[in-house]
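Residues per chain are reported as follows:
Number of protein chains: 2
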Amino acid sequence: MNESFTEKFRGRHALISGGLGFIGSNLARALTEAGARVTIVDCELDGSGANSANLAGLEGRIELIRADLRDTGRISPVLGDVNFVFHLAAQTGHMDSMRDPQRDLTNNALGTAALLDACRNSCPRAMWVFASTRQLYGPPRALPVAEEHPLQPPDVNAVGKLCAEELLGVYMRVYGLNAVSLRLTNTYGPGMRVRDARQMFLGLWIGNVLRSRPITVYGDGLQRRDLVFVDDVVEAFMVCADEKLRGRTFNVGSQETIDLRSLAELVRRLGASDSRVEFIDFPADRKAIDIGDYVGDYNSIRAATGWQARTPLERGLTTTIAYYRAQLAAYLEQS
Amino acid sequence: MNESFTEKFRGRHALISGGLGFIGSNLARALTEAGARVTIVDCELDGSGANSANLAGLEGRIELIRADLRDTGRISPVLGDVNFVFHLAAQTGHMDSMRDPQRDLTNNALGTAALLDACRNSCPRAMWVFASTRQLYGPPRALPVAEEHPLQPPDVNAVGKLCAEELLGVYMRVYGLNAVSLRLTNTYGPGMRVRDARQMFLGLWIGNVLRSRPITVYGDGLQRRDLVFVDDVVEAFMVCADEKLRGRTFNVGSQETIDLRSLAELVRRLGASDSRVEFIDFPADRKAIDIGDYVGDYNSIRAATGWQARTPLERGLTTTIAYYRAQLAAYLEQS
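Protein chains in written order, with the numbering used here: chain A, 1 to 335; chain B, 1001 to 1335.
Chain A with its partners taken away, still in its complex shape (with noise of 0.2 Å):
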């Protein structure tokens, strides 16, 4: 552990919405090591990567919330102390937002409209750090994509994370809020949804591959992504956790990119298995709301933290194929 981070989290109390998930898990993992008191709120949102697995080894250690975020009776009550917000309690599927926008909307603007009012009037100073995403900018119109490109979200899920960063924005203008949003590449390690592609479809193929059934890949898979792995997303979150960053929004991820026709023969390969790789049409409805290639620059959060993605891919990949070897089970059984 970064001695900093002992140093800055050791007897805080950091909040972490969404905390039995994928990245919110890993979060209160490295902030429980850095000395930080732990506490999750988590309603368990179906087709979320909400998992108890995730929190192995953490019985006792971290205060569990099972709640919604509007369910402010409930939460209010452990903010007092509250220095660290993380949020990243969402709806994450972008189909499911098309498919139930309603759902989407109320999970994720509504629940940070909630969080905001709970903790402007029980931990106003509190600093903030949430998780945004690359999707708000839509199919990029120029490789790599700075901060500054226009966002047209492509989805509802990209409207309702838009329309969180904007709530953000309100309070720090009207209630002199801390925060900093970080829009999120592909993320992905151990923790991450294995039983479909809600949380990103190389989910999906890790949970195939280690079943030998075979690997869908849509279109051509020349589409470029710049993945990053999920030690490397907790650290940003860590290090924004920073109050002279306060306004700020970042993209995350990682210079290393590869095209998604030689991610599954990655995948296949680290995973030593005989699953074949299939190309089909793109379907129809995902090819709506599909952006295309994505890779991201991430100078903006180098120039002002230092912070850059450091575990290369290959590495990342054999430490999550490992992972699911070992822990398949539990995360096939996810509602």
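Think of the hints as simulated: they come from the structure by calculation, not from any bench. Keep in mind that a hint or two might mislead.
[Unchecked claim] Residues on chain B that point at chain A, a partial pick, calculated with CB under 7 Å:
(1) Leu1105
(2) Ala1113
(3) Pro1150
(4) Pro1153
[To be verified] Quick list of simulated restraints, FRET-style, between CB atoms:
(5) A:Gly247 - B:Asn1299: 54 to 62 Å
(6) B:Asp1285 - A:Glu243: 51 to 59 Å
(7) B:Asp1071 - A:Pro312: 51 to 59 Å
(8) B:Ala1053 - A:Gly247: 41 to 49 Å
(9) A:Glu243 - B:Leu1143: 44 to 52 Å
(10) B:Ala1142 - A:Arg10: 41 to 49 Å
(11) B:Leu1222 - A:Gly35: 51 to 59 Å
(12) A:Asp196 - B:Lys1287: 27 to 35 Å
(13) A:Ala284 - B:Arg1125: 13 to 21 Å
(14) B:Arg1066 - A:Arg276: 51 to 59 Å
(15) A:Met172 - B:Asp1259: 37 to 45 Å
(16) B:Ala1142 - A:Ala53: 39 to 47 Å
The structure displayed is predicted, hence computed values, not measured ones. Backbone N, C-alpha and C define an ideal beta-carbon position, used for all residues, glycine too.
Let chain A serve as the given structure and place chain B on it in line with the hints.
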């Protein structure tokens, strides 16, 4: 009535959400006069502009569904043959949106999502015109403000309206919806809320002048505005209900500007009132979301459609004050 409107709307079916409200009811009247069949959906939200008095004389000529937009079971059955959707239903109060963010987002963001989804299924070819707001720009960086001005919603109400605009964008790109968004500046005229400042301060001023109560101006009253008369706004909605304008966003307002101090004097003079004009310090909670001077650039809608505001402020105010001289009671009782 403009002849081209008769040609465009006669025998066509127009849905107006928020049609009991200020602008919606004026639009309902104009569409009915142009020969359209009008259906209104309105849930008479407390604090909104909804008022049965707004439809005086139209009883029996318009179908009125008293329902929340999210009650799609009530709304969907009438959508089948809808040709035009004028979406104006909203929680409009800026201060209210800060006091109860979830209520604002529920009505404005979720309500829009619900209506979009119902229409996608029942009248996918309908032409939409959405009542958005110049509030999206936040405090102007320079005047006049054109549509390219960066967006920085200063309050939760503006966040909800931005969310609604973005939802329309998603439905256009994914489902081929036809829609235009109109970013309205302060609109005034018969039918506006005068019991309080929930629609705009001018309504409250008129209500006060007609009862010889003081008019209260915040700050020095030198803030500039470009108020637009409701008949002009109604015409903009009708002109913009045109598939050729699909995907466009237009500012809607008047070329005529005035500072609030002068406006207060004008209202007092036209009201032939002995009301005093009082200047008080900006209340802190209002100052926090105030946008300062606002003057819009209306070249874009004029270039695309020929529309421009035609009612001089003094004439529009005279009409408005005469209306409330006769009708004040029905508007002071509004919930």
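Now for the hints, and whether the structure bears them out:
1. Leu1105: 6 Å, holds
2. Ala1113: Where the cut-off is 7 Å and the nearest Cβ of chain A is about 4 Å from B:Ala1113, the hint holds.
3. Pro1150: Hint on B:Pro1150: violated, closest Cβ of chain A at ~10 Å, above 7 Å.
4. Pro1153: OK, holds: B:Pro1153 within 7 Å of chain A, min 5 Å.
5. A:Gly247 - B:Asn1299: 54 to 62 Å: The hinted range 54 to 62 Å is violated for A:Gly247 and B:Asn1299, with Cβ atoms some 33 Å apart.
6. B:Asp1285 - A:Glu243: 51 to 59 Å: 24 Å, violated
7. B:Asp1071 - A:Pro312: 51 to 59 Å: 53 Å, holds
8. B:Ala1053 - A:Gly247: 41 to 49 Å: 46 Å, holds
9. A:Glu243 - B:Leu1143: 44 to 52 Å: With a Cβ separation near 33 Å, A:Glu243 and B:Leu1143 fall outside 44 to 52 Å, so the hint is violated.
10. B:Ala1142 - A:Arg10: 41 to 49 Å: 47 Å, holds
11. B:Leu1222 - A:Gly35: 51 to 59 Å: Distance hint for B:Leu1222, A:Gly35 holds at roughly 54 Å.
12. A:Asp196 - B:Lys1287: 27 to 35 Å: 49 Å, violated
13. A:Ala284 - B:Arg1125: 13 to 21 Å: Once the Cβ atoms are compared, 19 Å apart, the range 13 to 21 Å for B:Arg1125 and A:Ala284 holds.
14. B:Arg1066 - A:Arg276: 51 to 59 Å: 58 Å, holds
15. A:Met172 - B:Asp1259: 37 to 45 Å: 30 Å, violated
16. B:Ala1142 - A:Ala53: 39 to 47 Å: 54 Å, violated
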